[in-house]
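Colleague: Given next are the chains, with one letter for each unit.
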Amino acid sequence: MYPITEKHVLAPTITRFVIQAPFIARKRKAGNFVMLRLHGTGERIPLTIADSDSSRGTITIIVQAVGKTTKELCAMNAGDAILDVVGPLGNPTPIENHGVVACVGGGVGTAELYPIARTLKEAGNTVHTIIGARTRELVILEPEMREFSDGVYVTTDDGSYARKGFVTDQLKELLDGPSGIKAVYAIGPLPMMKAVSNLTRPYGVTTLVSLNTIMVDGTGMCGGCRVTVGGQMRFACVDGPEFDGHQVDFDELMMRNRTYTDLEKLSDERHLCRLTGDYREAQA
Amino acid sequence: MSKANPLKPSERMKIPRQEASEQSADERSHNFLEVSFGFDDERSIIEAKRCLECKEPLCMDGCPVGIDIPGFITFILQGDYAGAVNKIREANYLPAICGRVCPQETQCEELCVLGKKLTPVAIGKLERFVADFEMRHDLFKSPAISKKREEKVAIVGSGPAGLTCAAELAKMGYQVTIFEALHAVGGVLRYGIPEFRLPKDILDIETERIKALGVQIYTNFVIGRTATIDELFDEWGFKSIFLATGAGTPTFMGIPGENLSGVYSANEFLTRVNLMGAFRFPDNDTPIRIGKEVAVIGGGNTAMDAVRTARRLGAEKAYLIYRRSREEMPARVEEIHHAEQEGVQLMLLTNPTKVLADANNWVCGVECQRMELAEPDESGRRKPVAVKGSEFVLPIQTLIEAIGQKPNPIIQATTPGLETSKRGTIVTNDVQQTSRAGIFAGGDLARGGATVILAMRDGKNAAAAIHRYLAEQSAAVGSDDVTRTASSGT
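If you're matching them up, the sequences are chains B and S in order. For the first sequence, this note's numbering assigns the number 1 to the initial residue and increments by one for each residue that follows. For the second sequence, this note's numbering assigns the number 285 to the initial residue and increments by one for each residue that follows.
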């Protein structure tokens with residue numbers, strides 16, 4: 001069992017957890033993820049490790065409640081324990097001193113971006129951070145990013161906070177300006193990462209994206225996470241999760257990620273019905 | 285001739301081979317319960333009486349782990365089933381598993397003298413019977429541990445090779461720790477072999493018995509990620525390590541359309557069902573989706589497990605596509621037979637060339653071509669070649685590829701000096717020793733894809749080799765220094 005030691009709600013659906021997992025904390029590097037399973041009938045889901053503290057033996061994850069498992073997790077509290085946590089999995093983010101980089105986070109992807117942006121700064125880069133969200137209350141980690149970033153830019157789709165528009169609008173402005181950006185690290189929903197990759201391609205700027213895929217074991221066993229990168233089949237769990245955004249077949253991956261949409265919805269609705277005591281078999 | 289069996293050989297040969305009762309094909313193709321019910325004690329005694337008690341029993345030559353087969357059969361004849369299973373356990377710590385999944389027809393039973401003119405003794409079913417009897421009547425007694433030894437040994441992977449090696453070393457008194465990457469113990473016995481061939485309760489009981497020997501098991505621990513091999517030596521204080529991580533990485537055909545929704549590797553498909561219990565979705569959270577028409581590509585036991593699982597999940601038509609003919613199929617004859625009984629249609633001499641998609645990017649068919657067999661290739665099997673103009677489309681909504689697995693590369697990539705083959709397997713000598721001192725390997729990680737029992741033999745041989753290695757180490761003066769120097773070399 002892996003006890004939750006701290007819980008902090010960052011936004012209405014986004015929660016940060018600190019979890020006791022000393023072996024993972026010791027080895028974790030920026031870009032690594034864990035697979036976790038909440039209970040005996042639970043599914044295994046991948047979550048990026050946002051931070052770790054090897055002296056305390058803890059890792060930090062930031063979760064958005066979108067489906068049954070993430071909603072169940074977000075309803076857990078400090079003192080509760082998660083049944084299974086395994087990691088650190090995946091390859092650490094390749095960190096280099098490019099000179100000037102842009103770190104682009106969309107939605108809860110900003111949580112995954114945070115350790116990478118910080119590590120890039122520590123490696124000597126000038127870091128421009130762009131945070132995108134649908135609306136004001138979903139903007140996360142802005143103060144934390146400001147602690148080390150050379151510039152922080154926020155966009156909201158609805159214009160309820162900071163700049164109205166998409167992260168790509170802001171990124172384009174920086175690329176067209178005198179910033180001298182040599183590399184872009186983008187983490188967020190697939191359409192956002194695709195848009196960022198399409199934007200940077202003509203500029204010839206190296207673009208790294210972190211792919212969220214279907215995944216069962218997370219150790220290279222199932223092949224559920226296969227993606228086409230540069231025409232080759234790659235496994236996001238062991239070959240990634242980060243890939244050259246200019247080489248990724250985003251359209252194929254977005255289609256593939258919809259494989260279980262209706263079943264996930266069914267699972268989620270059934271869960272909610274149970275919570276409210278109104279579950280009827282007929283709905284299944 | 286033993287006193288236990290008063291029958292003359294001619295009388296023994298008149299007894300027909302006993303058959304175990306099993307669920308009817310119609311019934312079992314809709315549930316995940318075990319196919320065979322195994323022998324009862326009456327049938328076991330009758331079957332045991334068929335054994336000719338050869339002076340030089342050939343059956344034992346066919347057993348990869350050298351079980352004293354006539355010895356355990358004699359115990360059955362005496363009605364001492366616990367004695368029989370303990371006799372087996374001297375050579376094989378997992379009898380309830382081997383009694384179910386071993387290909388006896390190509391091992392012990394193939395060599396049984398009775399089989400030359402009649403039918404061989406049902407050794408596998410007898411093994412299963414005594415193991416089940418012991419479980420049912422709670423007769424298991426943990427074997428005495430001869431002598432406590434201080435040396436710590438790490439086992440990486442809790443499949444058949446790892447569990448066997450752990451049991452053997454623990455019986456010798458070593459301090460054994462198993463590291464398992466998944467959340468449950470058993471490796472391929474857990475995620476690969478379905479419930480209807482090997483109930484997971486049986487695996488759980490066998491695992492508990494290994495723990496009872498003092499073996500410590502860490503689940504959720506990926507060697508190469510959570511800790512490296514060198515850290516196990518340097519920081520954890522292990523003196524020797526046995527690598528048994530299996531062949532868990534799926535291979536794909538490389539045909540167009542493989543990334544469509546509805547295409548699975550057999551590993552993913554079986555892991556969802558066996559490890560994650562997706563057949564109980566939505567009570568269990570892991571989903572799976574099965575079409576009315578399903579095709580599985582491959583001719584091995586994994587393909588059989590996948591196609592029979594597909595039937596049980598509700599596939600109305602389940603096809604098995606194999607590019608060679610029935611004779612070349614690597615699967616057990618019994619599995620092929622069971623699959624056909626359950627309504628699986630074999631499409632032999634057929635090769636898939638393209639997966640077709642519907643408007644929602646789901647599989648809606650697979651394009652295939654007919655094959656014919658030419659001269660034998662390097663594997664000794666006749667090489668299949670395409671028949672021109674024979675292309676056709678098979679309408680399906682789920683495609684499962686069971687064309688083979690290769691070892692997971694994580695350990696090789698994180699352990700300097702560990703020699704690997706082109707196929708990704710770890711190179712060992714005949715006592716499972718790798719290119720690095722103190723590190724041994726076995727099972728599919730060294731073989732690239734074989735059987736449970738061969739993995740167990742490797743585990744047993746590795747335990748013996750580790751025992752010799754540690755004895756040599758402690759005999760040497762300043763044994764710690766020797767270990768360190770040896771393990772840092774290549």
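Read the hints as simulated data drawn from the structure, not as lab findings. Be a bit skeptical, because a hint or two may be false.
Derived BS3-like pairs (lysine-lysine); straight-line CA-CA distance at most 27 Å [unchecked claim]:
#1 S:Lys495 - S:Lys431
#2 S:Lys333 - S:Lys401
#3 B:Lys194 - B:Lys172
#4 S:Lys576 - B:Lys265
#5 B:Lys27 - S:Lys436
#6 S:Lys484 - S:Lys495
Colleague: Could you run down the list of hints and mark each one as holding or not?
Modeller: Hints versus structure:
{"no.": "1", "hint": "S:Lys495 - S:Lys431", "result": "holds, 17 Å"}
{"no.": "2", "hint": "S:Lys333 - S:Lys401", "result": "holds, 17 Å"}
{"no.": "3", "hint": "B:Lys194 - B:Lys172", "result": "holds, 14 Å"}
{"no.": "4", "hint": "S:Lys576 - B:Lys265", "result": "holds, 22 Å"}
{"no.": "5", "hint": "B:Lys27 - S:Lys436", "result": "holds, 23 Å"}
{"no.": "6", "hint": "S:Lys484 - S:Lys495", "result": "holds, 16 Å"}
Checked against the numbered hints above, the structure breaks none of them.
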